[in-house]
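Engineer: The lines below spell out each chain.
There are 2 protein chains.
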Amino acid sequence: MNNLNAEKENFMRRAVELSDFGMENKYGGPFGAVIVKDGKIIGEGFNKVVSSNDPTAHAEIVAIREASKNINNFDLSGSIIFASCEPCPMCLAAIYWANIDEVYYANTKKDADKIGFRDDFIYNEFEKIIEKRDKKFCQILRGEAMKVFDSWASKQDKVEY
Amino acid sequence: MNNLNAEKENFMRRAVELSDFGMENKYGGPFGAVIVKDGKIIGEGFNKVVSSNDPTAHAEIVAIREASKNINNFDLSGSIIFASCEPCPMCLAAIYWANIDEVYYANTKKDADKIGFRDDFIYNEFEKIIEKRDKKFCQILRGEAMKVFDSWASKQDKVEY
Numbered sequence: 001m002n003n004l005n006a007e008k009e010n011f012m013r014r015a016v017e018l019s020d021f022g023m024e025n026k027y028g029g030p031f032g033a034v035i036v037k038d039g040k041i042i043g044e045g046f047n048k049v050v051s052s053n054d055p056t057a058h059a060e061i062v063a064i065r066e067a068s069k070n071i072n073n074f075d076l077s078g079s080i081i082f083a084s085c086e087p088c089p090m091c092l093a094a095i096y097w098a099n100i101d102e103v104y105y106a107n108t109k110k111d112a113d114k115i116g117f118r119d120d121f122i123y124n125e126f127e128k129i130i131e132k133r134d135k136k137f138c139q140i141l142r143g144e145a146m147k148v149f150d151s152w153a154s155k156q157d158k159v160e161y
Numbered sequence: 001m002n003n004l005n006a007e008k009e010n011f012m013r014r015a016v017e018l019s020d021f022g023m024e025n026k027y028g029g030p031f032g033a034v035i036v037k038d039g040k041i042i043g044e045g046f047n048k049v050v051s052s053n054d055p056t057a058h059a060e061i062v063a064i065r066e067a068s069k070n071i072n073n074f075d076l077s078g079s080i081i082f083a084s085c086e087p088c089p090m091c092l093a094a095i096y097w098a099n100i101d102e103v104y105y106a107n108t109k110k111d112a113d114k115i116g117f118r119d120d121f122i123y124n125e126f127e128k129i130i131e132k133r134d135k136k137f138c139q140i141l142r143g144e145a146m147k148v149f150d151s152w153a154s155k156q157d158k159v160e161y
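Protein chains in written order, with our numbering: chain A, 1 to 161; chain B, 1 to 161.
Be careful, since some hints might not be right.
A pair holds if it fits inside one copy or across any two, identical chains being indistinguishable in the list.
List of simulated lysine-lysine pairs, DSSO-like, C-alpha gap at most 30 Å [to be verified]: (1) LYS37 - LYS128; (2) LYS135 - LYS69; (3) LYS26 - LYS136; (4) LYS136 - LYS110; (5) LYS132 - LYS155; (6) LYS26 - LYS132; (7) LYS114 - LYS128; (8) LYS132 - LYS158; (9) LYS110 - LYS135; (10) LYS158 - LYS26; (11) LYS155 - LYS136; (12) LYS40 - LYS135; (13) LYS128 - LYS26; (14) LYS40 - LYS155; (15) LYS37 - LYS155; (16) LYS114 - LYS37; (17) LYS40 - LYS114; (18) LYS26 - LYS155; (19) LYS155 - LYS69; (20) LYS114 - LYS136; (21) LYS110 - LYS37.
Keep in mind that the hints were calculated from the coordinates and are not lab data.
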C-alpha cells in the first residue's frame with residue numbers, strides 16, 4: 001500500500017474512533033466523520049442527536065459546521081470527508097452544498113438499515129413523486145413567495161453560494 | 001376559505017416574511033421556514049449560510065434546530081413545517097429525521113434553480129448510482145467500522161431516533 005492510501009485509512013480510523021466514542025458516551029448513534037484539507041483535519045464530529053436534542057446533529061453535519069467555522073468559510077472546496085458510514089440524504093446534500101470534493105465511507109446505508117436506522121427508507125422517499133410520499137406535501141401562496149425570489153434575482157450586492 | 005386554510009396561509013406568510021428579512025439583511029439566500037405544533041409556532045428560521053459561514057444553515061435546518069431546542073426533544077412528531085420554497089434534499093431529509101408530519105411550501109425547486117440555486121442539481125445527483133455522480137465516492141475499512149455497528153446492535157441502553 002502506498003503512503004497516500006495509508007493516510008486515508010488513518011483518517012477513516014479517526015472517523016471510526018469518533019463513532020465509537022459518541023456511541024459509548026451516549027451522544028447519539030454510532031457515526032463519526034472527519035474533514036481533511038491539504039492533509040490536515042479541519043473539522044470532525046460524531047452523532048449528537050440525542051445529547052443535543054437536535055435531529056440534524058449527524059456526524060457529517062457536525063463536522064461540516066466545525067470545519068466551516070474553523071476556516072471561516074461556507075465553501076469547503078478542496079476538502080475530503082471521511083465518514084464511518086455512507087452519508088444519509090441530509091448529509092449527502094450538505095456535502096454538495098459545502099462543495100466537499102470527495103467522500104470516503106466505510107459502512108453502507110444497508111448496514112445502517114440493519115441496525116435500525118432509517119437512511120435507506122429516506123433515500124427511497126426521494127425516488128417517489130411528492131404525491132406518493134409517506135408525508136403530506138402541499139403547495140400554497142407561490143405568488144407571494146415568488147416576489148422575494150424576484151427581488152433576489154435583481155439584487156446587485158448578493159453573495160451566492 | 002375556511003379558518004384552517006386561512007391559518008395555514010398566515011403561517012406561510014410568516015415564512016415568506018422571514019425569507020425577505022434574511023435576504024434584505026444579507027444573512028443568506030431568500031428562504032424562510034416556520035414550524036407549527038398545536039397551532040403555535042415552535043421554531044422559525046431564515047437562511048444564514050453567508051452570515052454564519054455555515055453551509056448547513058438553511059431556513060428549515062435553522063427552524064428545526066430552534067424547534068427541537070424549544071421543546072427539548074429531537075422528535076418533532078405532530079408538527080407542520082411551512083417553507084417559502086420546496087425543501088432542498090438536505091432539508092427534506094432533515095424533515096424526515098425530525099418526524100415532522102406535513103410540509104407546506106410555496107416556491108418550487110425549479111423556481112430556485114432559475115434564480116441560481118443548486119437544489120435541482122443536487123436532487124438529480126440522488127438519482128445516479130454512486131459511480132456516476134459528480135463527486136468521487138470510495139468505500140474503505142468497512143470491516144473496522146462494522147465492529148462499532150455490531151456494538152450498537154447489541155447495546156442495551158441505547159436511545160433510538
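Engineer: So, for every hint listed, does it hold in this structure?
Structural biologist: Checked hints:
1. For the homomeric pair LYS37 and LYS128, the shortest alpha-carbon distance between copies (26 Å) is at most 30 Å, but the shortest distance inside one copy (36 Å) is not.
2. For a Cα distance limit of 30 Å, the shortest separation of LYS135 from LYS69 across copies, 23 Å, qualifies, whereas the shortest one inside one copy, 34 Å, does not.
3. Neither within a single protomer nor between protomers do LYS26 and LYS136 lie at most 30 Å apart by alpha-carbon distance, with minima of 33 Å and 32 Å respectively.
4. With identical chains, the CA atoms of LYS136 and LYS110 are at most 30 Å apart both within one copy (26 Å) and between copies (20 Å).
5. In this assembly of identical chains, LYS132 and LYS155 lie within 30 Å of each other by CA distance neither inside one copy nor across copies; the values are 37 Å within and 36 Å between.
6. In this assembly of identical chains, the alpha carbons of LYS26 and LYS132 never lie at most 30 Å apart, being 36 Å within a copy and 37 Å across copies at closest.
7. Taking the closest pair of Cα atoms, LYS114 and LYS128 come within 30 Å of each other both inside a single copy (22 Å) and across two copies (23 Å).
8. When the C-alpha separation of LYS132 and LYS158 is checked against a cutoff of 30 Å, the pair qualifies neither within a copy, at 37 Å, nor between copies, at 33 Å.
9. Proximity of LYS110 to LYS135 under the C-alpha cut-off of 30 Å is found in both arrangements, the shortest distances being 22 Å within a copy and 21 Å between copies.
10. Taking the shortest Cα distances, LYS158 and LYS26 sit within 30 Å of each other only across copies (7 Å), while inside one copy they are farther apart (42 Å).
11. For the homomeric pair LYS155 and LYS136, neither the shortest alpha-carbon distance inside one copy (34 Å) nor that between copies (35 Å) is at most 30 Å.
12. In this homomeric assembly, LYS40 and LYS135 come within 30 Å of each other (Cα to Cα) only across copies, at 20 Å, whereas the closest approach inside a single copy is 41 Å.
13. Proximity of LYS128 to LYS26 under the C-alpha cut-off of 30 Å is found in neither arrangement, the shortest distances being 34 Å within a copy and 35 Å between copies.
14. For a Cα distance limit of 30 Å, the shortest separation of LYS40 from LYS155 qualifies neither inside one copy, at 38 Å, nor across copies, at 33 Å.
15. With identical chains, the CA atoms of LYS37 and LYS155 are never at most 30 Å apart, being 33 Å at best within one copy and 35 Å at best between copies.
16. In this assembly of identical chains, LYS114 and LYS37 lie within 30 Å of each other by CA distance neither inside one copy nor across copies; the values are 32 Å within and 32 Å between.
17. Proximity of LYS40 and LYS114 under a CA criterion of 30 Å is satisfied in neither setting, with 33 Å inside one chain copy and 37 Å between copies.
18. Within a single copy, LYS26 and LYS155 get their C-alpha atoms only as close as 46 Å, which misses the 30 Å cut-off; across copies the closest is 11 Å, which meets it.
19. Taking the shortest alpha-carbon separations for LYS155 and LYS69, only the intra-copy value of 27 Å comes in at or below 30 Å, while the best inter-copy value is 34 Å.
20. For the identical chains of this complex, LYS114 and LYS136 are neighbours both inside a copy (27 Å) and across copies (25 Å), given an alpha-carbon limit of 30 Å.
21. Taking the closest pair of Cα atoms, LYS110 and LYS37 come within 30 Å of each other only inside a single copy of the chain (29 Å); across copies the shortest separation is 33 Å, beyond that limit.
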